[in-house]
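Protein chains in written order, with the numbering used here: chain A, 1 to 295; chain B, 1 to 531; chain C, 1 to 462.
Hints are computed from structural coordinates only; laboratory data are not their basis.
Treat the hints with care, since some could be wrong.
Said to hold, decoys possible - Simulated restraints on C-beta separations:
#1 A/I101 <-> C/A80: 53 to 59 Å
#2 A/I101 <-> B/S62: 53 to 59 Å
#3 C/E186 <-> A/P161: 56 to 62 Å
#4 B/E333 <-> A/R44: 53 to 59 Å
#5 A/P161 <-> C/A182: 49 to 55 Å
#6 B/R503 <-> A/P161: 57 to 63 Å
#7 A/E212 <-> B/R455: 33 to 39 Å
#8 A/L194 <-> B/R403: 56 to 62 Å
#9 A/L194 <-> C/A182: 35 to 41 Å
#10 B/D400 <-> C/A182: 47 to 53 Å
#11 B/R503 <-> C/S445: 54 to 60 Å
#12 C/E253 <-> B/L41: 27 to 33 Å
#13 B/E242 <-> A/P161: 44 to 50 Å
#14 C/E186 <-> B/R455: 45 to 51 Å
Quick caveat, the model's predicted, so the values are computed rather than measured.
For glycine and all other residues, C-beta sits at the position ideal for the given N, C-alpha and C.
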Amino acid sequence: MSGLRHASLGLLLLVGCGESGGERSLAVAHTVGFGTEMGEVDGRAITIGVDLDGQDTVERGSACFQEDYVAPDGRTGIDNSFASIFSLVEGVFQEGTVEGIIQGTINNGRLLLLFEVEGVDDWQNDPDVEVSVFLGDGRPVVGPDDRLVPNQTFDERLEVPRNRVSGRITDGVLETEAFDTTLPLTFFNVFFDLRLFNTQIRATVNELGEWEGVLAGGMPKEDLLDVSMQADAMQGIQVTPLVLTFLPGWTDLAFDEATGECNQISAVLSFRTTRAFLFDDAPPEGPAEEATESL
Amino acid sequence: MVALGCDGTIGESTAPIDTPAAAEYVPEAARLRRLTQEQYLISVEDALRPLIGDAELRLPSSLEPDRRAEGLVAIGATEGSVSPRGVEQYEDASYLLAEQLVAVWPDCGPASGEEPVVDNTCASESLRPLGRTLFRRPLTGQELRAAVRLSAQAAETLGDFRAGLAYGVASLLQSPSFLFRTESGEAVGEGRSLTRWELVTRLSFFLWNRPPTTELLDAASRGDLNNEAQYAALVDSMLGDERAIGGVRAVFSDMLELDKLDDLRKDRGTFVHMSPEVGPAAREETLRLVTWLYENDSDYRTIFTTRTTFIDRTLASIYGVAAPAREGFAMHEHAPDSQRAGILGHVSSLALHSHVAASSATLRGIFVRRNLLCGEIPPPPPDVDTSIPEPQPGALTLRDRVRRHLEEPSCASCHRQMDPLGLGLENFDALGRFRTLDNGARIDASGNVDGEVFRTPAEFGDVLAESETTLECAARTFFRVAHGRHEGAGEALVIEQLVDAFRQGDYSIRGLMRAVVVHPSFRTLPAEGQP
Amino acid sequence: MTRSRFLKRRPLSRRTMLRGLGLGGGAVAIGLPVLDAMTNESGTAFADGSIFPQRYVQFVWGNGVLPWFWTPAEEGADYAMTEQLAPLANVREHMSVVTGFDVRVPGRSPHESAVAGMLSGSQPIVEGENVGWAAPSLDQVLAAELGGSTRFRSLQTSIVSNGGSRSVLATGETLPSETSAAALFERLFGEGFRLPGETFEPDPTLRLRRSVLDTVAIEQQRLRQRLGAEDRLRVEQHLTNVRELERRIARLEEDPPNFEACMRPAMPREVLPDSRGRDDLDGLNGVFADLLIMALACDQTRIVGHVFSPAVRETVYPIEGIDLQGVVRGHHDLTHNEPLDDGSGRGEMWRTNEIVKYIMASLGRFVQGFAEFGEGEGSLLDNTVILGTTDASNPRLHSLDDFPILLFGRAGGRLNTGFHYRSSGDNAARVNLTIARAMGVPLPSFGTEDAFATDSVGALEA
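Next up, chain A with everything else stripped away, as it sits in the complex:
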């Protein structure tokens, strides 16, 4: 089925309209990072992200206290608890290390984060578009700027289900409804599934596949512990004790009335993309994962 869907992809892009009406565009993230703290304005810290819980938490007394951020464009209520954790991680490693590791993961084909928008009638304002987020597979070509070169063709990692969600474009900015997603990632040589609940995408988009934005959601706190323990084991470091100490202060989503605690940490992945394509037939025999793992 997906083979058929992709068969006409190249043509559709050129002709500019699909069978469901509207244009379709596929993009691959050439840069992925974690939203970090970017300074302060009027005493409020700035970071990228979206308002996941629908409230601008500024005071104690909220169910899960974690002061919300302000976005660079002035939007309030930005949930990004992970921004403060990330500062800690950066402290353990050298600055830029995480960035470099993520870039390496993208460039060797283990993190090909694909975004597809379908049914676009107007790339500036369209109240009804369909968005998918999924993972690609392939051997990417990297340019002299250490980024994936545009217009590459990949396979879809069919063993990882697509996340489909509807969205709207307002003044060139795409926002999606919330969805739950699992992204199988490899960081620090650790394979893990990054689960994000109530995830939203917010990004500037265009027909050239040059998008820039965030993917924000709630990460279960046990996942964070799991990652930190694996990282400790792999890297010979001692992050977990720190995480355990600070965890109660970091959780800010999924309030559990029974325990009075929050179970998730808001986290924001930033991304920038370039246009990509999918091969118009099914990937070759054999699980794609093995192919990448053998690299």
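For chain A, the structure is supplied; the task is to place chains B and C on it using the hints.
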């Protein structure tokens, strides 16, 4: 003034073919032709492969470079000699190959360490057929004796029959009779013709770009090539053979200068897609297209108009389309309304005739004028400032910036031969990516081919396909590659007849190749005493 | 910035070497001269009284200079270095800046006419892209006279794959360049090369290879009889080159010349392009200089035709900040399309100027390698002439007048250095004649037609 060279005639090659003087056919002499690098490698592979079976054959990596003269490598091969460095390279190559060969060949003769080390019968029986393959004719008694004597001398010195035989083999591989193709001919009646061996060699290199097989040599030996019907049948079977792809690739590679793509240089800061793979991939695209057209017996003119092409992942990313295959090349169909049509939309044409980061209407114009229309353009005269003004408001696009080329009479006499062509490809940047804007201003890619107007790159291809000059140029180019020289004034009639045959064959590439080799001029040389 | 790795050391004296080896150095193969004394007391002559051989190196770069940044205002020894000459300050004492000479051939073929005129005193014969010259280049004139006693009559090198060659035979044919340092190393110092005094084990295959070549030569003679006049010349040239190779092999069978400074150099390092695909020209220049210096020091050849960069082919120099209109440009493109004055106050065509300065800095380091390489009591440069020139004076106009000419080295004391000499429009072929005569080749004239010269330039001669 040199600049005036563009007025009126456009060089001897396009002399009008219907003048009374041209009606008389005067053949021209042929020159000694050195094997191109590719022909050398194919020749040794063809000669050695059947003898060594599945064993690995390491081919030499550096040989005397090819040169291009009067627009073609096929003509460059008839000029120049072998340089001191080239003699060394051919010598090195001969021992590299000979040593691999004697490791598994021949079946006769004493084994290593076995006495006596000299076996002239075995050496002779081995070198005779090898020599025939390499020299593309039987060895003379003198030649065979010399090679056998060398083998024996070396065997005695080295105490090993096979090690000695390597020197005999090496002498054949360094011989001028292998490295060069002679086309001296022999007297036939009052005139002069290629010998049967020269003819079968010219035929084989033109149709296949490889030396004649044993079967072809046998046919030549029997005299089949002197019988019109047998010759025609042989030509048809050769054109139907898959090896004909080699000939088609060679003629188009030469015509479109695709050999230069090995050295394609672009600024990677401007073009992130640039890599050492781009040039060779671009060549392969164009060659796959002409191969496909040949195999389908398609109309030659399609090369200017078709939306079908063959690309790999690298080219797909430059063209901004989905790659048709994970590995290697596969067919791709550009959208019907795409401006990328025919070879003028290939990276091979667009990137080769551009600067490292900026496109060039002049370079592209020269390419179309010279290579596709067989026109001549003299170089710019000395002491002329050829700078192109900076983009500025009102003159942002290249078209506006080179306007002076067509307004000042001294520039215009030549530039009107190239700019109206080259500007028609401005929708493609210096790597060949499609664009609609240049410095933010909308590109006007209209132009004309000697008065025939087009508005877009795709229409440019249509105009070329409809042009008589294009067809005549194809006939001239095929003739030049086959003969290793430009057609002479006394051969205008030949070109005219080739064009006629081309037309009657519905412009099939195969038909044109056939016409060139069945035309009597293919084997005719000037009679003794003629210039 | 990558620094080139030139050979900086002066070779140890024999005595020092013996001391350094101590007593147990039997296993260490060192190039120990076999003769008792190689040079006389003054170090300027062989034991037999002959002086060190004279060498000639042609260093050609592409796309000219900018005359307004090039020509010094003052003449004589006390001239002030101009902006483009300043990068040559390190070799100023070894250099003659020669200006004001005109290349007297018709400028029919941009870039080609000037370099043909400068190096051969004749005009190019252009047929399509194939270029021959009507007369041989100076290096080949000298090779014909001086190249016979060395293994290689001359060497052609270019540091870039598309550099081409400016060495043209009397037949009009251009000799191809070696563009791979590894291949050049292999050719010079690979199989068959022996250091002076190195144990000699006769190699029977050398004689066999000569027999094969002899057979080939006989065949060539048979073949030439069946050919027309032009083809006959081509086969004769091939025959000459086959005989050349025979001679080269014969040289390998003899004891190598006893040159104290000769050592087997290290395998050249690989010089990679930068991330934007630009060649590290200066790095390549250094690698080639090392090999060429040792080729001359080991008397493998005495004549070198070296191309630093090609004309026209768009070489992109690894210099930051010289983009034009936000676009990277090749050197040739810039010479034509850079605005004369872009209002930046950096001078006319300052981008092109930066490239010329880069080339001159590379030339400076090239020459410095020769100057620092000891030979006898002096340096290799003392017994060498290096001619530095190009294919246009003002490349924008492809002009042939007031041509850029640099001479380095003293040719065994026959040439003066360390000054600026300015002619008032004299024939540039006189400079070639001067070089040839300084090299001990008493040519009666150099150049053809308008470029015909019979007088050398006295001011350059010591």
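Each hint tested on the structure:
At roughly 55 Å, the beta-carbon separation of A/I101 and C/A80 lies within the given 53 to 59 Å, and the hint holds. A beta carbon spacing of about 43 Å between A/I101 and B/S62 contradicts the range 53 to 59 Å that was offered as a hint. The hinted range of 56 to 62 Å is satisfied by C/E186 and A/P161, whose Cβ atoms lie roughly 57 Å apart. A beta carbon spacing of about 55 Å between B/E333 and A/R44 agrees with the range 53 to 59 Å that was offered as a hint.
Between A/P161 and C/A182 the CB atoms are about 52 Å apart, so this pair conforms to the stated range of 49 to 55 Å. At about 60 Å, the CB distance of B/R503 to A/P161 agrees with the hint of 57 to 63 Å. Evaluation of the 33 to 39 Å hint for A/E212 and B/R455 yields a pass: the beta carbon distance comes to about 36 Å. Roughly 58 Å separates the CB atoms of A/L194 and B/R403, a value that falls within the hinted 56 to 62 Å.
Between A/L194 and C/A182, the C-beta spacing of about 48 Å breaks the proposed range 35 to 41 Å. The hinted window of 47 to 53 Å between B/D400 and C/A182 holds, with their beta carbons roughly 48 Å apart. Here the CB-CB span from B/R503 to C/S445 is close to 58 Å, well matched to the stated 54 to 60 Å. The supplied range of 27 to 33 Å is met by C/E253 and B/L41, whose beta-carbon atoms lie about 32 Å from each other.
B/E242 and A/P161 have their C-beta atoms about 47 Å apart, which keeps the hinted 44 to 50 Å range intact. Between C/E186 and B/R455 the C-beta distance comes to about 56 Å, which lies outside the given range of 45 to 51 Å.
Checked against the numbered hints listed earlier, the structure breaks hints 2, 9, 14; every other hint is satisfied.
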